[in-house]
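As given, the protein sequences belong to chains A and B, one line each in that order. Those letters in the first sequence? Residues 1 to 174, per our numbering, in order. Those letters in the second sequence? Residues 1 to 133, per our numbering, in order.
No lab work stands behind these hints: they were computed from the structure. Using N, Cα and C, we set each Cβ at its ideal position, and we do this for glycine too. There may be inaccurate statements among the hints.
[Said to hold, decoys possible] Over the 10 Å line for every Cβ pair with chain A, so calculated as not near, a few chain B residues:
1) Ser-14
2) Ile-51
3) Lys-101
4) Ala-109
5) Ser-113
6) Ser-120
7) Arg-127
8) Glu-132
[Said to hold, decoys possible] Examples of chain B residues toward chain A, derived with CB under 7 Å:
9) Arg-17
10) Trp-62
11) Val-63
12) Gly-64
13) Ala-65
14) Asp-66
15) Tyr-102
16) Gly-104
17) Ala-122
18) Ala-129
[Said to hold, decoys possible] Derived contacts from chain A toward chain B, CB cut-off under 7 Å, selection only:
19) Thr-112
20) Asn-113
21) Thr-116
22) Gly-120
23) Asp-167
24) Ala-168
25) Ile-169
26) Asn-171
Each chain, written out:
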Amino acid sequence: MAPLDRVEMDLPNGDSFHAEGNLEIIETQQPFYLVDGFERLRTLGEQAPWTGNDTGQVFIGSGARVRTWTIQFTEWEGNVTTWGSASGNNDGVLTKLNELGQSLATAGIDGTNPATLAYGEYSSGGTYSPQTVVPGEVQLPVEFTPDGSPSSFRPSIEWRDATDVNDAIHNLAP
Amino acid sequence: MPNIDLTPQNSTLSGVRLYRDSLDALPVSRSHTVERHETTQGTPASDLDGIGPADLVLSGSWVGADAQALADRLQAIIDDETVDTVSLQTVDDQGNAVTSKYDGDYRLAGEPSIEQPTDSEALFDYRLALTEL
Numbered sequence: 001m002a003p004l005d006r007v008e009m010d011l012p013n014g015d016s017f018h019a020e021g022n023l024e025i026i027e028t029q030q031p032f033y034l035v036d037g038f039e040r041l042r043t044l045g046e047q048a049p050w051t052g053n054d055t056g057q058v059f060i061g062s063g064a065r066v067r068t069w070t071i072q073f074t075e076w077e078g079n080v081t082t083w084g085s086a087s088g089n090n091d092g093v094l095t096k097l098n099e100l101g102q103s104l105a106t107a108g109i110d111g112t113n114p115a116t117l118a119y120g121e122y123s124s125g126g127t128y129s130p131q132t133v134v135p136g137e138v139q140l141p142v143e144f145t146p147d148g149s150p151s152s153f154r155p156s157i158e159w160r161d162a163t164d165v166n167d168a169i170h171n172l173a174p
Numbered sequence: 001m002p003n004i005d006l007t008p009q010n011s012t013l014s015g016v017r018l019y020r021d022s023l024d025a026l027p028v029s030r031s032h033t034v035e036r037h038e039t040t041q042g043t044p045a046s047d048l049d050g051i052g053p054a055d056l057v058l059s060g061s062w063v064g065a066d067a068q069a070l071a072d073r074l075q076a077i078i079d080d081e082t083v084d085t086v087s088l089q090t091v092d093d094q095g096n097a098v099t100s101k102y103d104g105d106y107r108l109a110g111e112p113s114i115e116q117p118t119d120s121e122a123l124f125d126y127r128l129a130l131t132e133l
């Protein structure tokens, strides 16, 4: 099946938000090595010239890594989409903005109650499963036109890769 | 870093697995049992003559649906006054025994602790100090 060409954000309170207009997705990955050569600089090349240089540092253990997806999109007046608790939602821009903000603020999202992010191959029809996530920084800016009504808004939502701790991660063995 | 199975000796209590993905660095220390520059009498019986038993600290976390049960198991071991010896066995991810320097019998030392950082039952921290027998 084809990868999902929009972003679907499903919150644990049952609300779902679909984003598709002027969509921008930035994935980041940051490793934290158990032994990080940038934190423990060694001039290996001085004492061990066969290494060829003294810029190669020692990194051991992929250790912990963090991964995020920052989603930006445009939601506009008249765009009928799944938004909050209603599919085919045609609420006004300001109402949609507040529905998103309120839902994110009150859904109680954490590792015991995670949200789900689906897009591209990370979808039910894609190669990988949708990602279990919790929100990071959320920005919901809106500009009012001179006539006093906003015609669109462009939110920015950081989603952090999260483990669903309802699963048995460390099991009872032995 | 290995997984380590901790099993109470002479007890029917269940053991616990300390998982490498959440096990902090394993500091091992040995104290000298003689004063520095002191002369020991006779021929040393072994390379460790004059060197004390290993002190090992195990600290880490349990995460997930079984975290509470794992913490309860360790608490039962700590609370059982008839248990003063535990054995450590290094295992791989499939639970097969592998050999490491941490394997052996130890005595519970210091004040073991189990901490629940939040009201969630999905995360427990532990810290155990052990002395090699």
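Status of each hint after checking the structure:
1. Ser-14: Ser-14 (chain B) not clear of chain A: closest Cβ-Cβ about 8 Å, inside 10 Å.
2. Ile-51: Ile-51 (chain B) clear of chain A: closest Cβ-Cβ about 28 Å, beyond 10 Å.
3. Lys-101: 18 Å, holds
4. Ala-109: 23 Å, holds
5. Ser-113: For Ser-113 (chain B), whose nearest Cβ neighbour in chain A is about 18 Å away, the distance exceeds 10 Å, so it holds.
6. Ser-120: Ser-120 (chain B) not clear of chain A: closest Cβ-Cβ about 6 Å, inside 10 Å.
7. Arg-127: 16 Å, holds
8. Glu-132: Check passes; 21 Å lies beyond 10 Å.
9. Arg-17: 5 Å, holds
10. Trp-62: Interface hint status for Trp-62 (chain B): holds (5 Å vs cutoff 7 Å).
11. Val-63: 5 Å, holds
12. Gly-64: Status holds, d = 3 Å.
13. Ala-65: 4 Å, holds
14. Asp-66: At about 5 Å, which falls below the 7 Å cut-off, the nearest Cβ of chain A leaves the hint on Asp-66 (chain B) intact, so it holds.
15. Tyr-102: Hint violated; Tyr-102 (chain B) Cβ to chain A Cβ min 16 Å, cut 7 Å.
16. Gly-104: 17 Å, violated
17. Ala-122: 4 Å, holds
18. Ala-129: Violated - the Cβ of Ala-129 (chain B) stays beyond 7 Å from chain A, reaching only about 21 Å at its closest.
19. Thr-112: 6 Å, holds
20. Asn-113: Result: violated, 10 Å to nearest chain B Cβ.
21. Thr-116: 18 Å, violated
22. Gly-120: 28 Å, violated
23. Asp-167: 6 Å, holds
24. Ala-168: 4 Å, holds
25. Ile-169: 3 Å, holds
26. Asn-171: With a minimum Cβ separation of about 5 Å from chain B (threshold 7 Å), the hint on Asn-171 (chain A) holds.
The structure fails to meet hints 1, 6, 15, 16, 18, 20, 21 and 22 from the earlier list, while all remaining hints are met.
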